Structures are given as structure tokens and as C-alpha cells.
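Undergrad: Based on the provided sequences and hints, a complete structural model is requested.
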Amino acid sequence: MSMALRPRRVRRGEYLVAAICVGMITIMIWPIVMSFLASIKPPDEASRPPPHYLPQSLSLENYRSILTYHAGLAVYVGNSLAVAGLTIVFCLVLSVPAGYGLARFDIPGKEVIFLILLASMMLPFQALLVPLYLLFSHIGLTASKLGLAILHTMLQLPFSIYLMRNSFEGIPKEMEEAAVVDGATSLFTLRRIFLPLVMPGMVTVALFAFITSWNEFLGALILMNDEKQFTVPIMMTGVSSGNFGSVNWGGLQASVIVSILPCLIIYLLLQRYYMTGLLSGAVK
Amino acid sequence: MAHVELTDLSKTFGAFQALQDISLHIEKGEFCALLGPSGCGKSTLLRLIAGLEDVTSGEIRINGRDVTDMEPADRKIAMVFQSYALYPHMTVAENIAFSLEAAGMPKAPRLARAAEVAKTLQLDHLLNRRPALLSGGQRQRVAIGRALVRDPEVFLFDEPLSNLDAMLRVQMRMELSSLHHDLAATMIYVTHDQVEAMTMADRIVVMDQGRIRQIGAPMALYAHPADRFVAAFIGSPSMNFLPGTITGTGAQLTLDLGRAAKPFTLTPRGQSAAKGPADLGIRPEHATLTAPDATDATLPARIRLVERLGNQTLVHLETAAGPFTLQGPGDLPAKPGDQTALSFDPSRAHVFGPDGKAI
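Chains as they are written, first to last, in numbering that gives the first Met the number 0: chain A, 0 to 283; chain B, 0 to 358.
Certain hints may be false.
[To be verified] Below, a sample of chain B positions facing chain A; criterion: calculated Cβ distance under 8 Å:
| id | residue |
| --- | --- |
| 1 | 51 |
| 2 | 71 |
| 3 | 72 |
| 4 | 77 |
| 5 | 78 |
| 6 | 80 |
| 7 | 84 |
| 8 | 88 |
| 9 | 98 |
| 10 | 101 |
| 11 | 102 |
| 12 | 105 |
| 13 | 176 |
| 14 | 240 |
Just so you know, these hints were derived from the structure itself, not from any lab.
Just so it is clear, the structure is predicted and the values come from calculations on it, not from any experiment.
We treat Cβ as the ideally placed atom computed from N, Cα and C, and that holds for glycine.
TA: Structural data, given as C-alpha cells:
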């Protein structure tokens, strides 16, 4: 019997790696499991000290309460989806041509431009909020989903451009040259050759833009001063304040679970593209 | 009038001179190979002809038209790249029809034309496959199909066989040759493999360090290399060079290969010779083994290594003038350690002066 047909012996090192992975996953999943367990307790049991890990009785009361919280969960989820959707569109519309240009054209000083772009990621976002608020209120973009989406795009754009540049650079130059010899214009090449090939990168940009926008709290808190425009993270702070300064743990954990779901679903659906997108350009 | 005319073509990248004063005329229907080592400028020259690089100075004419500043698509050329550059998300049919799509041809006629081209390349059963599902040879054929569909005046090939394994390379070499024969198209073929150039080309342009060293038919280059570089590059195994001194000039040259060797006399072919140092060039297949005391023995030698290839034998020898490789028949009696002598045929020997030029 050939060596290839023999079952492979698992080495000790692989057990160690597996054990580390399981440990890390446990650390990461533990809070989510705790949140879920707390969310299905009756509200008074969820807030009762000392807390128990496992619910003594089951109840969907917390979920029912956030469904009808103030303007209603649907409004807040709708707002968050709208802002996240706009952020995705803005990020893609800006980062795809920027990445294409930085990867494929000989622009004078493009490396400096790229470095400045990346350097903007180092600035603490909180330091920018006050000037941004003043600017946005001056041009009427406060309390608007469009304004918040622009803010989220600003946060996400440097990373998106970095990702798209990598994606475009991962496409062999000969492929573009073949298209040039075949008489394709730059736009036709971008549409017919590049865009299908950088689709994993675009999916990754969209996914990150969605997660950033969906979870972003501080900018939304400062820009959105009308209750009907609130996004899910702001709703969650509202839900968490119980009577007389207490914390409504059950309601808070239910809204945590609800807010995780869209990210989780999108991540699982797009996982294949997302991994390829992150790696594109990294290895030849 | 030549079909492709290159006149005083130069190309610089910053301070680096990639090509210098290249002038070359390629006739209609000719298969011209640009041959040279890596970095000699052959691919750059092809890219200038294709229009993928700008010319620094000089002129390119195709079929009488000055195309020097023309866009690649307007030059009526097609190019096959080393990596094939197939579009991985498109089917074979879409890949072949891409240039027609870019030109705005409606879907039905362009796919019909692609199918027609695919048939000539025996790709018709693979039209709906993606490149990832094709073998190396099939991918190569799709790349050729993409060139064929444009009906170009000139085909440009940039080392198209270098990614294939040895057997497939031989097969594709024959396919390309028969394609050239069938189409009678002008083809310019870049390669660093002298076997490809020798077997396929009507004419070979040997390049080195951005300049043309020699242009000629394959056998002319083999028999009469203009200099030491061409002599070393054409032929496999490579020519042997033995350092010596010219002691007699005139109608017959006499070459002294050192104390151990007998003086060697031959008729000069190239530039006039002066007394002084020179190299004797002997191809491995133009030397024979003989007894050390035989009358035709020129240079005593000791056998270091014997490689039996079946139809031929390669014998690696040590001589007072340096190492020497000899190619003989498969059953050549030779074994490592044997003391022997080399005999050279003067009519097939070459002499190169101190400047490397043939004498």
C-alpha cells in the first residue's frame, strides 16, 4: 500500500494548535453565550444579584420589550441598515477607483498620497468629532442618515482603499496589457476584467463597512439628535437604562443578540469571498 | 518593402539603456525569433513593437505605416504572453472573442467567430470551460486563439512555451510551426531557448545587452557565428573555447594551444588576423576522440565524466587548455579516467580574436 493511502498520523503540534484555537474561540464566544442566556431570562431574574449563569425560567419578555421600545426596534434597525447601506455604497464608489488608480497608474507621488491616507487611520476618531459636528451642522448634515453615513465612510475609507489597492495589484499586469492589445478602453477593462476579478476585495470592503457602520456608537450619538433617527447602538443605551438608574440587563442583552445577528449572517454568507479578499495581493 | 521595419530604435528606462540602435527588417510571412539571455532586451523590443512601451527614439513601421506613436490596438498586431494572460472569469469562447467584444461586435456573431477559431485549434469541445479547467497546452491554444480571432498583420509571441513541460513544449513547437505554415503570417517570437529559435524560425536575431549581435538563418548562425557570444549561445551543448596564440597568419592560420598540444592549422573565415592571443572554438559534435599518439591528435585529454543519453554520449574532458565537452555516438567507447586525445576538423573550427569577433 502506498504512503499516500495510509491514514495520516496527527502530530502533537497539531493537537496543541487545535487546543489553542478552541481556547481562543471559547474566550470569544463566552460573552455572546452569556448575553444570550441572560436575554432569555425573565427581566427581573436577569437583573437580580447575584447573577446565575443558567436561566431558572425561560422568557421572551426582553425581546418583546425591545420590539416596542420607543419608536420600535424596526425603526432603529431600519435606520442602521440604511446608514450601513449608504456607507457600503460610498466606500465602494470611492475605494474602487482610488484602489485602481493607486495600483495601476503612474501617478506622481502616489506612495506619499497613500501613506497620508493610511496615516489618517492613526488619528483618534474622538478628536475629530467636535470639528466634524460643527462642520456637519454648518452644512445641515446632523440628524440625517446621509450625514452619519458620510462620517462612517470617512472612518472606513483608508482601510477600504488599502484593501482595494491590494486587490488590484494582485491581478497580473499581463492581463491588463492583453486587454490593451485587444483594443479595450480603460473603462471597458475595469468593467469587464478588473471588477469581476476584484469582487472578493469589494465584498470584504462592503463587509467591513457594514460592521463598522452597524456597530458605531459615538458618532451616531453626537450627530443623531432626533429619536426617530437613532441607530441600534443608541437604542441599546436607551434600553439599558432601567428604573431609578438601574441597568435593564435583560433588555440590553436581548438587543445585543439582535444587533449581532445581521453581522453574523452576512459574515457567514460572504466568508469565502472575505477570506480571499483579505489575502489578495499578499501572496504571489 | 519589409513588413515590419525597425529603424534606429532605442529605449531607456531612466538611466538604463535597455535597447540601443536596433534596426531590423522582417519580411511578410517570415518567422523571426528574437533570441538572447535574460535581460538582453528582447522582450522590451517586442513590447515596443506591440506599443506596450513608448519608444525613446527611432521608428517602427508595420506594412508601410508608421506605428511608432500608435495605440497597440491600432497597430493590427496580436500578442501571446508568457503567462497566456487568459481572463480567469471568462469561458474559452469569451476569452477568444474578447477583442471582438471590445470592438463592439454583437454577441451572436462574435461567439460564432470564436467557435470558428476554436475549431482550427481543436478547442471546439472546450468552448464553455473556464481557463482553470484547461491543461497548459489547451491554455496556450486559447491564448493563440485570442490572437488569431483578430486577424492581425503581425503575431507577437513573448516566450509562449516557457511555462510548459518539456514534452508539451516539443508538441506546441510543432503546432506553432504548422500554424505559421498554414497562415503564412508574419510572426515575431521572443525566446531564450535556442532550440525553439533554431527549430521554428526562418531567421534568428541574436541579442545581448540591448544590441543585436547577429541576424541570420538558423544554420548560418550555427555554422558561421559572427562572434564568441553568438557561437556560445547557439548550439547545445555550448561550443568549447580553448585559449591559444596565433603564431602564423595569411591564407592559413596557425594556432598554438600550449606546450602539450600540436599547432593547429585552419583557413580563416572572418576578419583578418594578427599574431597574438585568440580562442579556438570547437563545437562538441565537431571533435573526436583519438589515441594520444595518433597523427590527428591535437590536444591530449583525460576523461572526467561520461554521460550516456542513449542516442548520443557526452564526454567531459580535462585538457591543458581547459575543460572540454565532446558529443559522440551513443556507443562511443569512453570511460572516466581514460587518457585520450582530441582531434578537431579544421573546416569546422572557429577562431575568435581578443575582441571576440570571428577570424
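Undergrad: None of the hints should be skipped; say for each whether it holds.
TA: We went through each hint and held it up to the structure:
The interface hint given for residue 51 of chain B holds, since its Cβ lies 5 Å from the closest Cβ of chain A, which is under the 8 Å cut-off. For residue 71 of chain B, the interface hint holds, since its Cβ comes within 8 Å of a Cβ in chain A; the closest pair sits about 5 Å apart. Annotation: residue 72 of chain B was flagged as interfacial toward chain A, and the flag holds, the nearest CB pair being 3 Å apart, inside 8 Å. Interface restraint check for residue 77 of chain B: the shortest CB-CB distance to chain A comes to about 7 Å, inside 8 Å, so the restraint holds.
Checking residue 78 of chain B against chain A by beta carbon gives a least distance of about 5 Å; that is within 8 Å, so the hint holds. A hinted interface residue such as residue 80 of chain B counts as satisfied when its beta carbon comes closer than 8 Å to some beta carbon of chain A; here the least separation is about 5 Å, so the hint holds. Interface restraint check for residue 84 of chain B: the shortest CB-CB distance to chain A comes to about 4 Å, inside 8 Å, so the restraint holds. The closest approach between the C-beta of residue 88 of chain B and any C-beta of chain A is roughly 4 Å, which is under the 8 Å cut-off, so the hint is satisfied.
The restraint placing residue 98 of chain B at the interface with chain A holds, with a minimum CB-CB distance near 4 Å, inside the 8 Å limit. Against a cut-off of 8 Å between C-beta atoms, the interface hint on residue 101 of chain B holds, since the closest Cβ of chain A lies about 4 Å away. Given hint, residue 102 of chain B at the interface with chain A, holds; its Cβ is 6 Å from that chain's nearest Cβ, closer than 8 Å. For residue 105 of chain B, the shortest C-beta to C-beta distance to chain A is roughly 16 Å, which exceeds 8 Å, and the interface hint is violated.
Residue-level restraint check for residue 176 of chain B is violated (minimum Cβ-Cβ distance to chain A is 23 Å; threshold 8 Å). Hint on residue 240 of chain B is violated. Least Cβ distance to chain A is approximately 38 Å, over the 8 Å limit.
When each numbered hint is compared with the structure, violations occur for hints 12, 13 and 14.
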